[in-house]
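A.B. asks: One-letter residues, chain by chain:
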Amino acid sequence: MSVQTSPVPGLEEDRAATSKAPAVRPTRRPVDPIYYLFLFPALAIFTLAITLPAVIGFFYSFTNSVGFGDFEFIGLRNYIALFQDPNILHAYLFTLGFALVTVIVVNAIAFALAVALTSRIRFQTALRTIFVIPMVISGIIIAFVFKFLFANSLPALGQALGLGVLSESILANENLAWIAVVIVTAWSAIPGAMLIYIAGLVTIPAELYEAAAIDGASGRQRLMRITLPMVSGFILINTILGFKGFLNAYDVIVGLTDGGPGTATTSIAMSIFKGFGGGDYGYQMANAAVFFVITVILAGIQLRLTAGKASFGA
Amino acid sequence: MSTIQPTVPRPDLGGEAPRRRRTGIGTDRPNWPLTLILIVCSLAVLVPLLVTINMSLKTTAQAVDGSAFTPPAPFSLEGFAEAWQLTNFPRGLAISAFITAVSVVGEIVISSLAAFAIVRNWDRRLFRWSFFYLLAAMFIPFPVVALPQVKLTGMVGLDNPIGVAILHIVFALAFNTLLFTAFLRSIPISLEESMRVDGASTWQVFVRLIFPLLAPMAATVGIFAFLGSWNDFMMPSLITTNPELQTLPVLQQMFQTQFSNNYNIAFASYLMAMAPAVVVYVLTQKWVISGLTQGAVK
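Taken in sequence, the protein lines are chains L and P. Numbering of the first sequence is given in our numbering, commencing with residue 1 and proceeding in unit increments. Numbering of the second sequence is given in our numbering, commencing with residue 315 and proceeding in unit increments.
If you are wondering where the hints come from, they were derived from the structure by calculation, not from laboratory data. A hint or two may mislead.
[As the list claims (entries may be wrong)] To be clear about the criterion: a stretch of chain P counts as covered by chain L if any three or more of its residues have a C-beta under 8 angstroms from a C-beta of chain L, and this derived list gives those stretches:
no., segment
1, 359-367
2, 402-414
3, 449-455
4, 463-474
5, 477-491
6, 538-546
7, 580-593
Even for Gly, the Cβ is constructed at its ideal location relative to N, Cα and C.
Next up, chain P with everything else stripped away, as it sits in the complex:
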């Protein structure tokens, strides 16, 4: 996404502030009323997160009354210690990280290779039809095939994080292949030909030329893969049979009864499960937003 230039006039929602930029002077005057409205609106995003932090810092004795907005008195990390042990947070984190990593790498590699093969052999029926075959996945949401899929993964011993990662890869395949093929078609073939004249094999062309050129798209695919995998609840909860191999979102659900009214433990656990993605996002927000936007407009 191109960065939004502050100097370009943009419409506001019905013109709250009188406009006076025809003279050219005062064009850069920020629209303060609108800014204030947005700050107020941002509370809708921030309040649930602040409540989470607030509740997680209370003692069990204080949290039990269920009031979200009273400050912790005294501050306590008891909730974190309890949640860490109760849900076996390190294990959940490791499983979530594993599934996410496999999905990110798998989605990028498998769909970029397929897209390369399809675009370069578009004149071949097999490759052309494969493209439309893969795109058909966009018509099939997970719930439609979930029941037989759960049986199959159980039969072949994939009722575990590896199976979940594979399914994440498969269900993103259509979208990713579409992104990569659209991008590949815009790359001039002359670069590739000059490499081939120098005796490079198809594999070398892919590794040394095509994949580096695909990097911006790979970043987009990677970000979507990360968010989809890290935050998913439906697939791991249905596919993975061993509760000890569950991801962080599923653990939050499994421990609902144990959390009961120990809200500080519950919220500490939610916070630990949310924090990694939020922290990574805030640190890299410019890059992530541009990646997400690329995927959105493609």
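Here chain L stands alone, though its shape is the one from the complex:
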């Protein structure tokens, strides 16, 4: 379905419809009150469940509240402390790095799979069905399955092959645990990105490839000169959506490493949630506010880059 060109379709028609009425002058069409009723539930739950907590949270980020009882305003002290807290800095560094690596891995594999699955292959439906399965599986449950594989099967394999690095669980290794997190997150996220790429690939007119073939273009040339440019918008949207999603990493990490070993794989979301028990409620609200700013910057980039592709708002 193509998305509208005018931002206000329906408006002109509405006006036209009302002007047919025996009106003396073009008055504004009255709004059927039921429309307010239609809109109300969405606005109400949104305000109560997002706007209100956001405002409350922002307020508490300037206090030394521990989550209950008395508190006082301490100005920007939470924010200043935040930027000097090695744990918080590490969580941001880890999450940003993890999101970057995962976005690259996911897009490279998803794109390759999408190209392959739209080629003239056998068992196309069956293969596509299989490759989408991870999308319907809970991240934390598959993380538990992989945790078992990483803790038992992979070391067994490493020992059999005599590979020193792999003969112990990579989940217990501070420097390698993040790789496991990337692998499982990618496993879960690839199908979604792949479906977006498939949707993009099937819009490329076959004539382009035929013409290229007549001109003697190689497979590589067709990929570089036709396929990639034609799906560049989809690459962009997958990159941004993926990056934003991976910044919220939580479920898979809880299942795999629970932030460990030590705090090696503690994500921003996990650090914020420490505000529940750690007695630093106000402090973690400041953390959440900083995280919010980062999300807004990313969303701004998203809107700017996708302007003109109105439908890609999500």
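Chain L is already provided as a structure; the job is to place chain P on it using the hints.
C.D. replies: This is chain P only, laid out in the frame that chain L set:
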């Protein structure tokens, strides 16, 4: 998503096989090397699932050694029986199903109504601004508001599956409203006008004309709602305080210590939690994939 036509030439990844379709004969020759590569790659998806099934069918005595690829000897359903009782699987299933059902219905109804009101009154500032207000939710991930939200839901007695379902609805609102408004704008208003001339009220127009037309989008929203709700761990684990009201994904985490090295029980439990969604998906895969793709390109 349009079905992929096998006859349309598609690029492969650098041309593993010599191409000879200029003559028009042999165009339908499947690319076997690529097919084989894909079959091998599909193992990356299948192996974790097969290991899950394999481990779940072992006896506790056999599973304890932690070797994933030895076949069960003897076959045993002991793990399933234990997991069923230990995690109270029927209750977890009921709670997960309840949250998922409320989220699916709620997301479809609330956002389609809002989208209809917004599109039909786009000339009104209130409705236009409401649209942008709702879209702002895309800028706010759950972790940002989680701490105050947990307090609020606790205060108003929504620290339970109903609260979780409401939050699932709210956090999907922006995306869903966007999908519905984009789709509604493509529906010609003339249909609606002829109904109104016949004296239909706005409500009747919505129920009898607009909602049926929205059905394909509603399916897309419904599928995303189902997957998001059924598989979510973060929200139920933080919002629901009573452990007896937890969803299947959260139960798997709560019972990690009890599972310990009884891998057959653990994997039987994982399998029971994953199976419903996977089975439904495999049975309806064509429909689900087209729904997911619609959402993806919108």
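A.B. asks: Determine for every hint whether it applies to the structure shown.
C.D. replies: Here's how the hints hold up against the structure:
1. 359-367: holds (count 6)
2. 402-414: violated (count 0)
3. 449-455: holds (count 6)
4. 463-474: Held - the segment 463-474 of chain P has 4 residues with a Cβ nearer than 8 angstroms to chain L, which meets the minimum of three.
5. 477-491: With 9 residues closer than 8 angstroms to chain L, the segment 477-491 of chain P meets the three-residue bar; holds.
6. 538-546: holds (count 4)
7. 580-593: holds (count 7)
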